[in-house]
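Student: Now for the letters of each chain:
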Amino acid sequence: SQKIEQNSEALNIQEGKTATLTCNYTNYSPAYLQWYRQDPGRGPVFLLLIRENEKEKRKERLKVTFDTTLKQSLFHITASQPADSATYLCALDTLGSGYSTLTFGKGTMLLVSP
Amino acid sequence: EAGVAQSPRYKIIEKRQSVAFWCNPISGHATLYWYQQILGQGPKLLIQFQNNGVVDDSQLPKDRFSAERLKGVDSTLKIQPAKLEDSAVYLCATLGGGNEKLFFGSGTQLSVL
Chain A
1 SQKIEQNSEA
11 LNIQEGKTAT
21 LTCNYTNYSP
31 AYLQWYRQDP
41 GRGPVFLLLI
51 RENEKEKRKE
61 RLKVTFDTTL
71 KQSLFHITAS
81 QPADSATYLC
91 ALDTLGSGYS
101 TLTFGKGTML
111 LVSP
Chain B
1 EAGVAQSPRY
11 KIIEKRQSVA
21 FWCNPISGHA
31 TLYWYQQILG
41 QGPKLLIQFQ
51 NNGVVDDSQL
61 PKDRFSAERL
71 KGVDSTLKIQ
81 PAKLEDSAVY
91 LCATLGGGNE
101 KLFFGSGTQL
111 SVL
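Just so you know, the protein sequences line up as chains A and B, in that order. All the letters of the first sequence, read from the start, carry residue numbers 1 to 114 under our numbering. All the letters of the second sequence, read from the start, carry residue numbers 1 to 113 under our numbering.
These aren't lab readings, by the way, just hints derived from the structure by calculation. Predicted, not measured: the structure shown is a model, and the values here were computed from it. Check before you lean on any hint, since a few could be wrong.
[What the hints assert, rightly or not] Restricting the straight-line Cα-Cα distance to at most 20 Å, the calculated cross-link-like pairs of lysine to aspartate or glutamate (EDC-like) are:
#: 1; chain 1: B; residue 1: 101; chain 2: A; residue 2: 52
#: 2; chain 1: A; residue 1: 106; chain 2: B; residue 2: 74
#: 3; chain 1: A; residue 1: 57; chain 2: B; residue 2: 56
#: 4; chain 1: B; residue 1: 101; chain 2: A; residue 2: 60
#: 5; chain 1: A; residue 1: 106; chain 2: A; residue 2: 15
#: 6; chain 1: A; residue 1: 59; chain 2: B; residue 2: 85
#: 7; chain 1: B; residue 1: 44; chain 2: A; residue 2: 5
#: 8; chain 1: A; residue 1: 106; chain 2: B; residue 2: 85
#: 9; chain 1: A; residue 1: 59; chain 2: A; residue 2: 84
#: 10; chain 1: B; residue 1: 101; chain 2: B; residue 2: 56
#: 11; chain 1: A; residue 1: 63; chain 2: B; residue 2: 85
#: 12; chain 1: A; residue 1: 3; chain 2: B; residue 2: 56
#: 13; chain 1: A; residue 1: 3; chain 2: B; residue 2: 57
#: 14; chain 1: B; residue 1: 101; chain 2: A; residue 2: 9
#: 15; chain 1: A; residue 1: 71; chain 2: A; residue 2: 52
#: 16; chain 1: B; residue 1: 44; chain 2: A; residue 2: 39
#: 17; chain 1: A; residue 1: 63; chain 2: A; residue 2: 52
#: 18; chain 1: B; residue 1: 101; chain 2: A; residue 2: 39
#: 19; chain 1: A; residue 1: 55; chain 2: B; residue 2: 56
#: 20; chain 1: A; residue 1: 106; chain 2: A; residue 2: 9
#: 21; chain 1: B; residue 1: 101; chain 2: A; residue 2: 54
#: 22; chain 1: B; residue 1: 83; chain 2: B; residue 2: 56
Given the sequences, and given the hints that come with them, work out the whole structure.
Tutor: Here it is in structure tokens:
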């Protein structure tokens with residue numbers, strides 16, 4: 001069956017450290033993978049997109065890697081801050097028809113302590 | 001640019017009642033989505049429109065849920081009759097940013113008692 005799995009437990013780290021979140025998937029061949037941030041009571045907000053032919057993408061303190069052989073993406077936040085505390089969702093283009101049909105993982109809650 | 005607008009923000013109903021949610025997309029965004037997000041879960045796609053045509057509604061419980069997108073702009077999602085398990089946040093999103101990223105509204109939080 002098709003699955004998208006993210007770290008099931010909340011991730012607690014100290015301010016200044018690097019947070020690493022994992023997204024694994026099975027039985028999909030996505031053209032791209034995306035990461036979103038969601039704060040309580042709000043809709044998800046787009047952060048980064050990485051394509052199947054890209055190994056790594058960076059944006060400010062954010063870095064995403066994509067390994068289509070392992071079927072895994074890693075999302076890193078360097079020099080983390082308490083303001084980075086939120087739930088982070090990965091999403092895959094799963095219809096593959098060019099219609100951008102996105103299926104989301106369950107999300108990982110990140111808590112950054114001062 | 002203005003974001004995706006949703007209303008109402010909150011709704012409380014009793015089971016077996018009906019309810020409707022409304023979404024006004026970002027101007028010019030042709031693709032519109034309705035997602036259901038149960039507490040502690042990721043968003044689950046219910047239906048995807050391209051203009052006013054349906055791209056994917058494979059996970060929409062069609063015996064009780066219906067959705068339409070009038071003239072390819074605003075959209076409504078209806079539940080009739082509601083069940084307890086329909087308690088969730090209903091998120092509307094549109095596709096922009098070069099047709100690759102979703103812009104979400106703040107959602108409608110539905111509680112079915």
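Student: For each hint, tell me whether it holds in the structure or not.
Tutor: Status of each hint after checking the structure:
no.: 1; hint: B:101 <-> A:52; verdict: holds, 16 Å
no.: 2; hint: A:106 <-> B:74; verdict: violated, 28 Å
no.: 3; hint: A:57 <-> B:56; verdict: violated, 30 Å
no.: 4; hint: B:101 <-> A:60; verdict: holds, 18 Å
no.: 5; hint: A:106 <-> A:15; verdict: violated, 24 Å
no.: 6; hint: A:59 <-> B:85; verdict: violated, 39 Å
no.: 7; hint: B:44 <-> A:5; verdict: holds, 14 Å
no.: 8; hint: A:106 <-> B:85; verdict: holds, 18 Å
no.: 9; hint: A:59 <-> A:84; verdict: holds, 14 Å
no.: 10; hint: B:101 <-> B:56; verdict: holds, 17 Å
no.: 11; hint: A:63 <-> B:85; verdict: violated, 37 Å
no.: 12; hint: A:3 <-> B:56; verdict: holds, 18 Å
no.: 13; hint: A:3 <-> B:57; verdict: holds, 19 Å
no.: 14; hint: B:101 <-> A:9; verdict: violated, 27 Å
no.: 15; hint: A:71 <-> A:52; verdict: holds, 10 Å
no.: 16; hint: B:44 <-> A:39; verdict: holds, 17 Å
no.: 17; hint: A:63 <-> A:52; verdict: holds, 15 Å
no.: 18; hint: B:101 <-> A:39; verdict: holds, 18 Å
no.: 19; hint: A:55 <-> B:56; verdict: violated, 30 Å
no.: 20; hint: A:106 <-> A:9; verdict: holds, 11 Å
no.: 21; hint: B:101 <-> A:54; verdict: holds, 17 Å
no.: 22; hint: B:83 <-> B:56; verdict: violated, 23 Å
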